[in-house]
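Start from the sequences, fold in the hints, and give me the full structure.
Which chain is which? The protein sequence lines are F and R, in order.
Sequence positions in the first sequence follow my numbering and run 10 to 205.
Sequence positions in the second sequence follow my numbering and run 17 to 683.
There could be a bad hint or two in this list.
Claimed, not checked - Calculated from the model, a selection of chain R residues having no Cβ within reach of chain F, i.e. all distances over 12 Å:
hint : residue
1    : Glu19
2    : Gly31
3    : Lys36
4    : Arg172
5    : Gln191
6    : Leu374
7    : Lys377
8    : Lys476
9    : Leu497
10   : Ser537
11   : Asp545
12   : Glu579
13   : Asp593
14   : Val594
15   : Glu635
What the hints assert, rightly or not - Chain F regions said to be covered by chain R (calculated; three or more residues, Cβ under 8 Å):
hint : segment
16   : 22-34
17   : 58-64
18   : 108-120
19   : 147-161
20   : 183-193
No wet-lab data here; the hints were simulated from the structure.
Just so you know, even glycine gets a beta-carbon here, dropped at the ideal spot from N, CA and C.
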Amino acid sequence: MKYAMVIDLDQCVGCETCTIACKLDNETGVGIKWGRIIEAEEGTFPDVRRAFVPLLCMQCEDAQCISVCPTGASYRNSQGLVQIDYSKCVGCKYCIIACPFMARQFNDARDPPLGVPRVAAGDSRKGVVEKCDFCSDRLAAGREPVCVESCPYEARIFGDLDDANSRVGKLVAGAGGVTLKPDAGSRPSVYYIGVR
Amino acid sequence: MKEITPDRSDPVSQGAVCPKGLASAQLLYHPDRLTVPLIREGPRGEGKWRESTWDEALDLVAEKLSSFARESGPESVVMARGTNRGSWIRVFNRFASSFGTPNWAESGGAQCYAPRSLAQTVTFGGRALEWPDLSNSECVLVWGTNPPATWPPKSRKLMAARKRGARLIVVDPVQSLIASKADAWLPVRPGSDVALALGFLNVIITERLYDEEYVRKYCIGFDKLAQKVLEFTPKKASEITWVNEKSIVEAARLFAKTKPSCIEVACTLDEVIDPIQLSRVVSILASVTGNVDVRGGNVFPGSAGQLPVDSRAFSLPDKIPAESKEKRLGAELYPLLSKNLKGNEPMAHWPSIIDSVLTGKPYPVRAMFIMGGNPMLSLANSGKVREALDKLEFLSVTDLFMSKTAEMADVVLPAASWLEQDGIVDSTQATFGTLRVRRKVATVGEALSDIEIMIRLARKLRLGNFWDSESDYLNYILKPLNITFEVLKSGNGIIEAPVVYGRRLEEGFRTPSGKIELYSSLLEEWGYDPLPFYEEPHQSPYSTPELARSYPFVMTTGRRVIEYFHTGLRNIPVLRDVAPVPLLDINRSTAESLGIDEGDRVIVETPYGSMTLTAKPTEGIHPKVVGVPHGWPDDANDNQLTDNTTCAVGIGTTPLRGMLCRVRRAP
Numbered sequence: 010m011k012y013a014m015v016i017d018l019d020q021c022v023g024c025e026t027c028t029i030a031c032k033l034d035n036e037t038g039v040g041i042k043w044g045r046i047i048e049a050e051e052g053t054f055p056d057v058r059r060a061f062v063p064l065l066c067m068q069c070e071d072a073q074c075i076s077v078c079p080t081g082a083s084y085r086n087s088q089g090l091v092q093i094d095y096s097k098c099v100g101c102k103y104c105i106i107a108c109p110f111m112a113r114q115f116n117d118a119r120d121p122p123l124g125v126p127r128v129a130a131g132d133s134r135k136g137v138v139e140k141c142d143f144c145s146d147r148l149a150a151g152r153e154p155v156c157v158e159s160c161p162y163e164a165r166i167f168g169d170l171d172d173a174n175s176r177v178g179k180l181v182a183g184a185g186g187v188t189l190k191p192d193a194g195s196r197p198s199v200y201y202i203g204v205r
Numbered sequence: 017m018k019e020i021t022p023d024r025s026d027p028v029s030q031g032a033v034c035p036k037g038l039a040s041a042q043l044l045y046h047p048d049r050l051t052v053p054l055i056r057e058g059p060r061g062e063g064k065w066r067e068s069t070w071d072e073a074l075d076l077v078a079e080k081l082s083s084f085a086r087e088s089g090p091e092s093v094v095m096a097r098g099t100n101r102g103s104w105i106r107v108f109n110r111f112a113s114s115f116g117t118p119n120w121a122e123s124g125g126a127q128c129y130a131p132r133s134l135a136q137t138v139t140f141g142g143r144a145l146e147w148p149d150l151s152n153s154e155c156v157l158v159w160g161t162n163p164p165a166t167w168p169p170k171s172r173k174l175m176a177a178r179k180r181g182a183r184l185i186v187v188d189p190v191q192s193l194i195a196s197k198a199d200a201w202l203p204v205r206p207g208s209d210v211a212l213a214l215g216f217l218n219v220i221i222t223e224r225l226y227d228e229e230y231v232r233k234y235c236i237g238f239d240k241l242a243q244k245v246l247e248f249t250p251k252k253a254s255e256i257t258w259v260n261e262k263s264i265v266e267a268a269r270l271f272a273k274t275k276p277s278c279i280e281v282a283c284t285l286d287e288v289i290d291p292i293q294l295s296r297v298v299s300i301l302a303s304v305t306g307n308v309d310v311r312g313g314n315v316f317p318g319s320a321g322q323l324p325v326d327s328r329a330f331s332l333p334d335k336i337p338a339e340s341k342e343k344r345l346g347a348e349l350y351p352l353l354s355k356n357l358k359g360n361e362p363m364a365h366w367p368s369i370i371d372s373v374l375t376g377k378p379y380p381v382r383a384m385f386i387m388g389g390n391p392m393l394s395l396a397n398s399g400k401v402r403e404a405l406d407k408l409e410f411l412s413v414t415d416l417f418m419s420k421t422a423e424m425a426d427v428v429l430p431a432a433s434w435l436e437q438d439g440i441v442d443s444t445q446a447t448f449g450t451l452r453v454r455r456k457v458a459t460v461g462e463a464l465s466d467i468e469i470m471i472r473l474a475r476k477l478r479l480g481n482f483w484d485s486e487s488d489y490l491n492y493i494l495k496p497l498n499i500t501f502e503v504l505k506s507g508n509g510i511i512e513a514p515v516v517y518g519r520r521l522e523e524g525f526r527t528p529s530g531k532i533e534l535y536s537s538l539l540e541e542w543g544y545d546p547l548p549f550y551e552e553p554h555q556s557p558y559s560t561p562e563l564a565r566s567y568p569f570v571m572t573t574g575r576r577v578i579e580y581f582h583t584g585l586r587n588i589p590v591l592r593d594v595a596p597v598p599l600l601d602i603n604r605s606t607a608e609s610l611g612i613d614e615g616d617r618v619i620v621e622t623p624y625g626s627m628t629l630t631a632k633p634t635e636g637i638h639p640k641v642v643g644v645p646h647g648w649p650d651d652a653n654d655n656q657l658t659d660n661t662t663c664a665v666g667i668g669t670t671p672l673r674g675m676l677c678r679v680r681r682a683p
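Here's what the structure looks like:
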């Protein structure tokens, strides 16, 4: 079993539904995004091309965040997923520097703007580092990660890469899935197709 | 209510749930929700309130409204609402008529739907532009709208069409989300859209790319139209619109040669100085290419998914006393909005209402009853709107939160959100013609649904023509379908409406001639130009070169992001966190020349006022154009920049696209 995600950049319109669904499901605090979208612009007006690239924890097979963690807070769980044990995290931020994908954020329990209430659960993680964990709780309950479930365009496909007949397996092989920053040598489990 | 999850098996959403919907628990249980009626204590706008019972608050509203009606006639009371999805629009209009005032108004109206509804009605006797048959189309022309940010279920269909190979053309001054996915993006100068469409028609007609057989069989006035568009060569269209000539020619060819093609529009068509011309010329584009009432083109919504209610009859216009009906504000200048013509239910004209409050002419408006709307931010020229609301003798506002408008009120009534009420949604726009049941799942404080509030108030005002309860109302409107709300609710709560193709081709279009009227006999009869024409925006580098020297940029307002709905939802934690600040779209090199970096605070100014926002430099906009968002409060309110004195001929729209402005870094 090797969980993997395939993201179809051709179908991603950068609408941020995944970002918002993720924040709701994981009850993250102000400024914390486990998943986000970056907008890449190329050319000059009016010959401009724009692409939207969703980013999240890449669930690397050679996870540098785990090797640099001095307390064992970052670890690989029984599902094979890179996880953070908040009770062990001391907030040293080594992992933030080690991650090639800027997938991790330190929770400094920032204040919301005037007139916007706080999300209590987000604040409870004050002082530790947070990140996406492929929604391991949902996976354990037989559901898909919330960004996959909520994408209006079904631009994200999730499954077991070890299963050659799975949709992710076929897409990575057939549609020429690529990973980001292969030179970093971390072997991510998130693949992108539809790259133009 | 804990969470909302997408349902891929749903026939309307197909699992494309908007994040606003996903975040609804944060709306439902928001600590700042209004939960009891409030009565003002102390000066207007100071924020001192006392809690009251529903009985006391509604007694006060009823007493005030009826005393003004007695003293100054029912027309001295304005009933205004915001936008809506659901069936309460009918009830609101019925409430206003039963009270006797001809002055019901909405923040939309002339700014949204009224012009394009009228233009489509006179052209093809229905509203086909509202219904592009995306799932069966080979080419989609998106005109000035950004479905990924505004309408996920529709956007899903659009992206699915694109995935199977349909071509995509997008007209938008800004390279929006959907424009980023297009085969052709046409960055039109804000407010010059009609010239672009006339340029398209010039190419299509001179290159004989139109559907000759369709035009001969189903359209009238083609020769006169052809004559008219001759002067709009691609070169001329390019000079006016700032879109390069080659792009115009290629997009026109792509749209006309690919079959079937359809057009997707929204309220952007309504927010220019010549909204009827724009909707007309876009309707004509669909018509001459043979794409109206055909599979994959623009089609007419089926009626099976709509309640068989004649909205006009339901709102009981005859209950308005004849002498009051004559006094509808704006009717003289803007008959296409305010008189009982084809296409729209007649309504009062907001800028004329504001003038009446401020000047007492032609008669004074003394009180307002506002529901589900926020005119303080929604209407053009906010400074004047504030002055008017401040001058009212009585103001009642119904809302979920203490909005900028509610802050000005004498009585504030707490409204229930969509999760706190049973209801029926049968808007063809909201549900693609499918009738849906909405089930109550929660209760918050003493908040009541808008319909329940009107039923109770109608009882206190002894209006008659109302129901004993909300469920009586629901059963009343369902009666023609021989079903009760309880029965409908116990099933899946859906009545689907399959699209019927070609019925109008067979039976004739619902116009005076039975044909698509490229040359409009109705507009001619009413004294307007029967053929589309281009009018330069009332402010532009060409129409007001003097003004353009001090205000060198062309501005478009009203840009939407997915997180918010009009003026609402900035207080929802998850939505605000993903869209924390209002952004100014500005060209990268322009920003550089003004010393503006990404994230800088910037001030946009017009002769009417200023707004402050955060710069987002991009190459996806013309160097002389800027785009500002709509709906933010206080110094980020875009309507501080807009003008309500120059309105569209006949229909009274205040132009929100294509004004002049200047930009500078905030000190």
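Each hint tested on the structure:
A Cβ of chain F approaches the Cβ of Glu19 of chain R within 12 Å, the least distance being about 7 Å, so the stated non-interface status is violated. Separation of Gly31 of chain R from chain F is inadequate, the least Cβ-Cβ distance of about 7 Å not exceeding the 12 Å criterion. Consistency note on Lys36 of chain R: stated as away from chain F, yet its beta-carbon is not over 12 Å from all of that chain's, at 9 Å minimum. A Cβ of chain F approaches the Cβ of Arg172 of chain R within 12 Å, the least distance being about 5 Å, so the stated non-interface status is violated.
Distance to chain F contradicts Gln191 of chain R as a non-interface residue, since its nearest Cβ pair spans about 6 Å, not more than 12 Å. Every CB of chain F lies more than 12 Å from the CB of Leu374 of chain R, the least distance being 30 Å, so the non-interface label holds. Separation of Lys377 of chain R from chain F is adequate, the least Cβ-Cβ distance of about 38 Å exceeding the 12 Å criterion. The claim that Lys476 of chain R is not at the interface with chain F holds, since no C-beta of that chain comes within 12 Å of its own (minimum 33 Å).
The Cβ of Leu497 of chain R lies farther than 12 Å from every Cβ of chain F, with a closest approach of about 31 Å, so its non-interface assignment holds. At roughly 40 Å from the closest C-beta of chain F, the C-beta of Ser537 of chain R stays outside 12 Å, upholding its exclusion from the interface. Every CB of chain F lies more than 12 Å from the CB of Asp545 of chain R, the least distance being 32 Å, so the non-interface label holds. Against the 12 Å criterion, Glu579 of chain R falls within the reach of chain F, whose nearest CB is about 7 Å from its own CB.
The beta carbon of Asp593 of chain R sits about 6 Å from the closest Cβ of chain F, which is not more than 12 Å, so the claim that it is off the interface is violated. A Cβ of chain F approaches the Cβ of Val594 of chain R within 12 Å, the least distance being about 6 Å, so the stated non-interface status is violated. With a closest Cβ-Cβ approach of about 5 Å to chain F, Glu635 of chain R is found to fall inside the 12 Å limit, against its non-interface label. Counting residues of the segment 22-34 of chain F whose C-beta sits closer than 8 Å to any C-beta of chain R gives 11, which meets the bar of three, so the coverage hint holds.
With 4 residues having a beta carbon nearer than 8 Å to a beta carbon of chain R, the segment 58-64 of chain F meets the requirement of three or more and the stated coverage holds. For a cut-off of 8 Å, the count of residues in the segment 108-120 of chain F with a CB near a CB of chain R stands at 0, and the three-residue condition is violated. Under a criterion of three residues with beta carbons nearer than 8 Å to beta carbons of chain R, the stated coverage of the segment 147-161 of chain F is upheld, 3 such residues being counted. Counting residues of the segment 183-193 of chain F whose beta carbon lies closer than 8 Å to any beta carbon of chain R gives 0, which falls below the threshold of three, so the coverage claim is violated.
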